[in-house]
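Each chain, written out:
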Amino acid sequence: MDSKLKPYMLLLPAIIVLLGIFMAGLLSALVQSLGYFPVVGLKKITFEYYLEVFKNQDFLKSLFFSLYISLTSSVAAVIIGVLLAYLIVKSQYKEGIETVLYKLPIIVPHMVAALLIFNILSQSGILPRIFFNLGIIRDQSQFCNLVFDKNGIGIVTTYIWKEIPFVTMVVYTILNNLNKELLEVALNLGAKKWQGFIYVALPLLMPTIGSAFIIIFAFSFGAFEVPYLLGPTYPKALPVLAYTAYTNPDLTNRPYAMVISMILTIVSVILILLYTKFFRLLNDYNR
Amino acid sequence: MVSIELKNITKSFNNNKVIDNISFSVEKGEMVSILGPSGCGKTTTLKIIAGLVKPDSGEIFFNGGSVLHTPVEKRGGVLVFQDFLLFPHLNVEENIGFGLKMAGVKKNERKKVVAEMLKLVQLEGYEEKYPRELSGGQKQRVAFARALAVKPKVLLLDEPFSNLDTRLRETMREFTCEIQRKLGITTILVTHDKEEALMSSDRIIVLLDGKIKQSGTPTEVYFKPACLRVAKFFGHKNFIEGIVRNGVLSTAMGNYPIQGIENGDYQIMIRHEEIKLKKGTENSAGIVERSWFAGERTYYIVKVKDFSLHCIEKQNKIFAEGEKVDVVIDFNEGVFFKKENYCR
Amino acid sequence: MKVLQKNTIYLNIIIYSVIILLIFPLAVMFMWSFARSWPWPYLLPQDFGLRGWKYFFNPTSKALFTLFLSVLLSLIVTIVTLVLSIPAAKSLAFYNFRGKAFFEIFILAPLIVPPIAVAMGIHVQFIKLGLADSFLGVVLVHLIPSLPYGIRILTNVFQAIGEKIELQARVLGANWWQAFIFVTLPLIAPGLVSVGSLIFIISFSQYFLTFLIGGGQVVTFPMLLLPYIQSGDRMMAGVFSSVFVLTALLFFIIVEKTIKSHYSSREYFYF
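So the sequences go chain by chain: A, B and C. The opening position of the first sequence corresponds to residue 4 in the working numbering, with each subsequent residue numbered one higher. The opening position of the second sequence corresponds to residue 0 in the working numbering, with each subsequent residue numbered one higher. The opening position of the third sequence corresponds to residue 22 in the working numbering, with each subsequent residue numbered one higher.
Worth flagging that the hints you see were computed from the coordinates, not collected in a lab. Treat each hint with caution, since some may be false.
[What the hints assert, rightly or not] Below, a list of computed lysine to aspartate or glutamate pairs in the DMTMM-like style, where the Cα atoms sit at most 25 Å apart:
no., chain 1, residue 1, chain 2, residue 2
1, C, Lys185, B, Asp264
2, A, Lys106, C, Glu277
3, B, Lys193, B, Asp305
[Said to hold, decoys possible] Derived, one-sided and incomplete: chain C residues facing chain B with beta-carbon distance under 7 Å:
no., residue
4, Lys185
5, Ile186
6, Leu188
7, Gln189
8, Arg191
9, Val192
10, Leu193
11, Gln199
12, Val204
13, Thr205
14, Pro207
This one's a predicted model, so the numbers in the text were calculated from it and none came from an experiment. Where a beta carbon is used, it is the ideal one built from N, C-alpha and C, also for glycine.
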C-alpha cells in the first residue's frame, strides 16, 4: 500500500459511515429546509421558510427558552462542578467519591434522570412532602409546580444533576494530574494559596472547563428527551418544537421542522468552532 | 552475515530533506557507528535499512543484492530501539521466541534457541518473568537476545544504551561489543554519544543535517576531523585563525614556523591535550582564567592575548586561577581547515 | 493542627452533601419501584409490594424479551463501532497527513450537532432505502453518537502504547496481520473493553434515534420506559428505570472485572 494513502485508507470506513449517515442527514435536512421536498411536490428552492420561522413568535419564544435552559444549567453545572473537583482534590477519602461520580452519569440516562427529578420536584414529590412535614406548607397546592413549568426549573435541575458529575470528573482528572510543582513554584514565588488557584491552576484548567461547557451546552440545547418529558406545553424547547412540526400530518409543514433543525445545527457548528479553539489551547498547554 | 551498501539514499518528510543523498557501506561482521546530534537523520537511516521507511530515491544492497523492495519482515535487518520495547503482555521466553514463532518455527525448536540466547545474555532462569519485573539492564539484554534469536542479517541498534544510567551503560556497552565480536554479526549502531561511538566501533560515520561529513576509524575522525563542524561535534574547542605564507604561520598570538601546509587562510584546531602549560614568570603571556579540578586531571581556560584556550593537565601540575603560565603550542600537531572545509 | 482538622471536616461535609444530593433521587426511585401505596404527604411508602417487578418478569409483558433485544442491538452497535474505530484511531494516532485536523474535527462533530437534526434529515432517505423501521437502520443510526467516542478514545489508547512496538514486531519478522494479532490487539484489549462498555451504554440509552428510525417497529428498552415516565406512573417507571440502571451497572462491573487494568477506565467521560 502506498504509505501516503495509508492513513486515508484506514480512516475510510469510519468516514464513509459518517458521510453516508451524518453528513447526508444534515444535507438532507438543509435541502428540505430550503423547501425542496419532492415527495409532496415541493420543488422550489426558497428561503421563505426561514423568514417565516424567524417571524414566528412561538419559534422565537422557543429559541430563547432553549438558550435559557442550556445557559443556566451549563453555567451552574460548571461552577458547582469546578468547585466540587477542587474540594475533592483537597480532601482525603477520594476512592469512593471518584467511583460514584464516574459511574453515576454513565449508568443513568437522561430519561431516567428526568424521572428522578420528577420524583423530587413535582407537586406530589419528595420535596413538597418534606416541606409539609416541616410545616412550611399546609397543602400540596401551596407548593408551586417545579416541573412542566414555564421557567423550566425541572429541565434545568435535571441537566444540572446529570452534568455536575461529568464536569467534576473531567476537571478533577486534570486538576489531579496538574503538575503539583507548578503550584509549589507559585507558592515559592510568594503567591497565596488562592492566588495559586486563580493565577496558575484556573488558567491551565480553562481549556478543559471551556470544552466541558461547550459539550454540555450543545447537548442540552439539542436534546429532546428531558424537555419532552418535563417541559411546559408552551413555550416548547426547540428540539420538541422541531419534532412537533415534523410529526404534523400535513407533510407540507416538513420544511418548518427542517428549518428549526438547521438552526439547532448552526448554533452547534458555532459551538464546534469555539470547541476547536479550546481544543487547540488544550493541546498547546499539554505540549 | 552480510555486507551492506547504501547508494544515494534520499528521504524527505513534508518537503524537509531528512537524508540527503547518502552512500556508505558496511563490511561483513563490521561494527559501524552512525554518529550525529539528534535530528540529523540517523534513526531514519536505520529505519530505511530495516525497511520500515521507504527512501524517496537510492538503492540498498545486502551482499550485493538489492533489498529495496523486500518487505520489512523478510529483510532481516533487526532493530533494537532505545526503549527496548519488550512486549509487555509476553514473558521473557515468549519475547525472545517471538520472531521465531512468526517465522513458523516449532515450539520445542524455539525453546532450544531461547535457552541458547538466555545463556548468551546471561539470563538463565528468567524465562517466566514479565518485562515489568526486569531491571533496565535486564530488559536491554532481553531485547538484545530477542533480536539475535532470529539470526538477523544485520543488527541495527538505535541508541541502545541511552536509557540506562551511566555505570550500567558502560557494562552493557562492553557486554554488547563482546557478543558482537563473538558472533561476528554485522552491526550498525546509531548514537549521539561520541564516546560511545569511539569506544565501540570499527568505523564511525559522522552524519550532520542528513549528510555524511566523514567516515573513518575512531582515531581518524577524532584526530583528523574532516571539517570544522565535525571537530566541534567531537568537543574540540580551540580554534585559531591564521595565515600561512611560505612556511610561516601568522596568528594573532604570534608567528610560528610550519611544515607541509600550503599558503592560505586557515582555522586551526588544537586539541586541548596538545597545549602544554608551564610555570610562568612575570613576562609570561598566559593567565589562568578558570580551572576545574576533575580528579585525575584538571581543566583550564588560559587567556593568551584575546584568546581563551581550553587545556587539560595531569594532576601533577596544578595552577591557581590568576597565575601566570607559559603556553606551549605545537602548531604542527594542529588540524588546518581551509575556508571550504568549515562546512557550516 | 486543630484548625486544619476542622477545615477537613467542613470540606468533607460539603463534598458528601453534594454526593448525597446526587444519589438521593436514585434511592427514591428505587423505593418507588417497591411501593404498593405511597400517598401524600408520607415520606416513606405505606405499603410495599412487588406488582411492578412481577409484571416486569412476567413473560407476557415481553419486558424481558425487549431487554434482551436491546442488549443484542447494543452489542452489535458496539462491535461495528469498534471495528470501524480501530483503523481510524490508528490512523489519527500514528500518521501525520494532509487534512488530519479536519478529520479530527469532523469525527467529533456528531458529539455536538443535535442528533435530532441528523435523524429527521436522514429519515426520508432511510424510508426510500427500506432502512426505516428496520433493525439494520437502527444499528446504522446508532453508529453516529457512538463513533466519536470510539475513535477519540481509541486514538488515545493507540498513542499510549506507541507506534514503535508494532514496528519492533515487524523487524522481528512478523507481517502486518501477525503484528496486529500478536502484539497490537493484546495491548489495546483493555482499552477496547472499556471503550466497548461505554459505547454499549451510549447505544443502550438511545431513545430518539431508535424511536424515529425504528418507527415503533424496533422496540428497545428505553421505548418501554418512556411512556411510564410520561404518564407519571412512578411505580412502573421506578421498576423499569431500576432495571435500566442495574443492567448498565452490571455491564460495567463485568467489564471492570475483566480488565486486568493496564489502563484506568476512568480516563474517559460521558454524560
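Structure-based check of all given hints:
Note on Lys185/C and Asp264/B: the hinted pairing is violated, with a Cα-Cα distance of about 49 Å set against a maximum of 25 Å. Simply put, Lys106/A and Glu277/C have alpha-carbon atoms about 12 Å apart, close enough for the 25 Å limit, and the pair holds. Distance check on the hinted pair: Lys193/B and Asp305/B sit about 30 Å apart at the alpha-carbon level, beyond 25 Å; violated. Evaluation of the Lys185/C hint against chain B yields a held restraint, the C-beta minimum of about 6 Å falling below 7 Å.
A cut of 7 Å between beta carbons decides the hint on Ile186/C: the least distance to chain B is about 5 Å, and the hint holds. Taken as an interface hint, Leu188/C checks out: its beta carbon lies about 5 Å from the nearest beta carbon of chain B, inside 7 Å. The interface hint given for Gln189/C holds, since its Cβ lies 4 Å from the closest Cβ of chain B, which is under the 7 Å cut-off. For Arg191/C, the suggested interface contact is upheld, since its CB lies about 4 Å from the closest CB of chain B, less than 7 Å.
Because the beta carbon of Val192/C sits about 5 Å from the nearest beta carbon in chain B, less than 7 Å, this interface hint is met. Because the smallest distance between the Cβ of Leu193/C and any Cβ of chain B comes to about 4 Å, under 7 Å, the interface hint for this residue holds. Residue-level restraint check for Gln199/C holds (minimum Cβ-Cβ distance to chain B is 5 Å; threshold 7 Å). Annotation: interface hint on Val204/C holds; nearest CB of chain B at approximately 6 Å, less than 7 Å.
Hint status for Thr205/C: violated, given a least beta-carbon distance of 10 Å to chain B, over 7 Å. Because the smallest distance between the Cβ of Pro207/C and any Cβ of chain B comes to about 5 Å, under 7 Å, the interface hint for this residue holds.
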